[in-house]
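So the protein lines, in turn, are chains A and B.
Under the numbering used here, the first residue of the first sequence carries the number 69, and numbering increases by one thereafter.
Under the numbering used here, the first residue of the second sequence carries the number 751, and numbering increases by one thereafter.
Calculated directly from the structure, the hints in this document are not laboratory data.
Glycine included, C-beta positions come from ideal geometry on N, C-alpha and C.
Nothing false has been slipped in among the hints.
If you want a taste of the chain A side facing chain B, the calculated C-beta under 7 Å gives, among others:
1) G221
2) G269
3) L403
4) G418
Coverage of chain B stretches by chain A, computed from C-beta distances (three or more under 8 Å per stretch; other residues unrestricted):
5) 838–850
6) 893–907
7) 1072–1080
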Amino acid sequence: MKKMLAAVVSRVLSGVATQKPSSRVLVASCNYSKQATFEIKKCDLYNLEEGPPVTAELTREDGLKYYRLMQTVRRMELKADQLYKQKFIRGFCHLCDGQEACCVGLEAGIRHTDHVITSYRAHGICVTRGIPVRAVLAELTGRRGGCAKGKGGSMHMYAKNFYGGNGIVGAQGQLFEAYNMAALWKLPCVFICENNRYGMGTAVERAAATPDYYKRGSFIPGLRVDGMDILCVREATKFAADYCRSGKGPILMELQTYRYHGHSMSDPGISYRSRQEIQDVRSKSDPIMLLKDKMVNSKLATVEEFKEIDGEVKKEIEDAAQFAITDPEPPLEELGHHIYSSSPPFELRGANQWIKFKSIS
Amino acid sequence: MAAASGLVRRPLRQVSGLLRRRFHRTAPAALQVTVRDAINQGMDEELERDEKVFLLGEEVAQYDGAYKVSRGLWKKYGDKRIIDTPISEMGFAGIAVGAAMAGLRPICEFMTFNFSMQAIDQVINSAAKTYYMSGGRQSVPIVFRGPNGASAGVAAQHSQCFAAWYGHCPGLKVVSPWNSEDAKGLIKSAIRDNNPVVVLENELMYGVPFEFPDAAQSKDFLIPIGKAKIERQGTHVTVVSHSRPVGHCLEAATVLSKEGIECEVINMRTIRPMDIETIEASVVKTNHLVTVEGGWPQFGVGAEICAKIMEGPAFNYLDAPAVRVTGADVPMPYAKILEDNSIPQVKDIIFAIKKTLNI
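Just chain B, with the same shape it has in the complex (with noise of 0.2 Å):
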């Protein structure tokens, strides 16, 4: 992959130059696809296959999306499936889990997911809860999706993570993806599922593009819900990840490989249902283990794989103890300099990941 992508960056004349000679090897320039397309693409496509879709939150349709995620969508399926709400999170979301209840399937966007606290409750004990307190009989096929965790200076309440919340929650399944590929074949898994998904978008990833493989661009891509990838094999040291740092995660990658430390990464992209056996299969192979997340250290998801690695075989195969890297435990600061110090940068994994493996 990391072949393709430096393919795709030379200029034509090169890339052309290389063409001629391979002669059978002539492989197309990779598609280019940014986060938010792809996002808008996976609504898109689920939008058309099932009448019942419908998308809802603030300034989604004649605005085209507070972060022009849903770009497009409303001039294409106007009001009746893209609906511009009042600013009334707690409002709105209720609404939505009604609709879903009487069989329709939204997707309800919160601007943030720090506006998603105004509505918590109809997110847990309106939609979570209601299969199981039902006896089965109520499904609440929902999305709510929207950016989360820390973007940039926008301070204490409009940085926070929500992973660990939503992902304690029975009856929730809660997905974070990173490249466009998961944010693709997740959102389009996400509509699919008849349960409540929340969908834990990043700000800051949506401008970035990725190799978009073919598989990807059918209209059928999908990503199972509770199944984690490995982007990068090794041998020395698990890292595991979640979203925008699972990029800084396979930076620190790079940069130990020169020093002959080959890091195994693994994108989670689902935060429940957790797939702990790809983690733990992991680190059997490479008995240490560093976890890496925006949010807050306590009670968060690296504190939940450290605990079920305890509680399975990979213990056994530990030759140190598994270190967390997090979000430092304050509210969001607003000067750059603080906020620099509050997320996990690169040099902060490298530092975990050499720690643990004691170098």
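Chain A extracted, bound-state conformation (with noise of 0.2 Å):
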């Protein structure tokens, strides 16, 4: 009877804009709030006279929408994991899960229109940035339907506004050099740091000066932030993007967060933090957990419909991952494809001087 009811009240919101008033009773008798408001954790503060906002308002809408796609970052990452060990994907693989509350808040905080470039833990950033799951899997298992044609792998996918997914990171010297021209010519840009306690299997008390990254930018003003809450996140990515917009220059942003995976599939990730850690960070912080027992207690949502949710989601997954494994490799023919773009085609050499490519832009 309970579970009718439910079915039929989420029936009811979501035809939300023909809404009569006697299905309103309905929602009110069944107390579904469509928006509510959360205390958030107050970010430090570095050079700035005032910070995003403490509170945060959450509608219906929004957190289900924050939800599904937390739910299909981490699904499709314990996804990629499976098939890493079934050996369909090959190579680097950095899976984000436990970080999903910063690639979907970072979203939700900027436009469409923004741009943004990470690093080689992309996965995540590649779906909330439009990618759809099933070329993000077929990228990761090199099939022709991927979002690079199965040429980039892992580390190299791009979409409109992102530009990657790069193998390349780290080079210290290089972000000091951004922050001062950044700083210099008041460029919009928000340099964010997503902090998950290690570089790779080394600390950052033993690879850090301080671990105050959010302070590194000297000159540059920055954000500390709790990377587990996805509200907290896009707050101050508001924040940060309004500044930036208003015209004052960069500003950096440290976002505390944690990965359950090793570095890569080839880390095992124990042997430089311990089991009981990662099932704290699990217990008390992951990401999904939070938001979700955030809208229930709130009644903005239901149990039954996030589990609605998770079993669209899992089903999407699967769906990705049997296109992913079953989509054909890319043809030989184009092993030469995309060198250089915008030209005349050209030949290129194999093994040797007898085999040879065509190559199209």
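Build the complex from these two chains, which are given one at a time in their own frames, with help from the hints.
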């Protein structure tokens, strides 16, 4: 009976635009809200008079959207883990499960027309930047349906206003050069550090003279944000984006987050941290769990609705994975394509002078 | 050597049976050492021999090395000799060069040579050129080592071969070991050399075991930098290679031998200074030349070999143009079928050999 009622209510709510007063009464009697306000952790500020707000409003619609997206990223990463172990995915594979609030919160705080670039731990951002899950998984399995036609792999996925996925990172010198020029020319740039406490197998305390990354911009103001709370990330991102858009120049955001997996699939992730630590984070700070609990407790949605979303996401990922392992590999004839842009076709050399590949822009 | 390795691979029963039959020639079962362990041994011995030697790089200490090449060294030598660095190649390469200038003997590990591009100014401008620029005053006894070239499925930014880029620069020595013996002998020579030496290892070779001759087990086993090795004698064609492709050349040679074609396979061991004399002597004998490398064709190692052959006495002995077998002229694609066709395979080597022999 309760289930049926919930089903009716959700159908009613999904037809929000054509809601009639009688339906609203039904809603009221079940105590569902369309919106709620939450207190969020105050950000640590550096060189800033004021920071993001300490409360965040969340509509039911947005909440469910964020939940679905975070669950999609989570499930996709776990599927990638499975596919890697089954040897459908080769080479490097850096998973971001645990860090879902970062990519989903970021996207919630910016516009589609803003430009984003990131490191190799990029699968989550690929999805939030609009690459369909099946195109991400098919890229991981190296098939023609992959978003880079199978030629890039895990670390080299791109989309409109998203410049990858990059394999060579860490260059602290380059980072400080970027800070200098951004500040000098007042470039509207948000520098984000997803601080998951470890650089590969080295804890931040062993690699950083100070682990307060949000202060490392020196002349650039900074925020330290709870990267496990999607609302915190969203509000901080909005604040940072507004700061830049108002012409004040660059700003730094450190998102304190955590990755459940090791650095990559070849790193078990337990030689430099304890299983207990990972378990503690999972049970107390999991970003998906935190959002769900918030929404259930404030009656924005029911546990059943989340279960339904879970089921839908699971199916979506299964379908995408099925595509990713059945789609054919890219054709050999295309090995030489896309060397140059906007250029006439030419021939390039294979393993010896008699093997030639056509190269088309 | 082939017979000995066959001996090792047979089960123990049969080995002891063989031993019984030959009462004078009781050869001990040959020691098998992986390339990884050979490098580890080489570094361990040099660290022990000279306290000025130290190793720095990402994850080399407490993680035992990203590819486990430095396993056990931190435990044995501690923080002062085995140093974990932050992820800052330009920074720590610069620190290493400075240390070398001041009298220490650093081994600077790049997790792969792709990351060395972040630090290449330090390798070339601070290390390679300094002895020359200083008129012979300031030497830089440093070793830059790490895996080079293609691995498996690591895509465009992690698969580049740097043999040609580093081999281009005067002031640098560049070595490229193939098997375990090469790996140990060359790393030890590199560490003892007073010049900047780039050691191009290969990730796919780390786990491959090879027979380790008795001589290689000595703590003073050195392989001279600048000397190639003839891995297989032959009369019909000279096949020159470095690093992992040497193994592919030997495979090709085995296949072709059944057709009556005997390949002389040369393992370069050193890229710079190149041992062109060994290659020339071989070409004078065989009259045909095929070069094999994993790197891109343009301005590559094979191109340099061909140019040098043209400039020397061996040119007159060539019965056909020299042929190069290389990686494909594309950034390394990720998809397996594309990657397989972007690196030189045994079939490509066989094809090239037959073409040059006009078969």
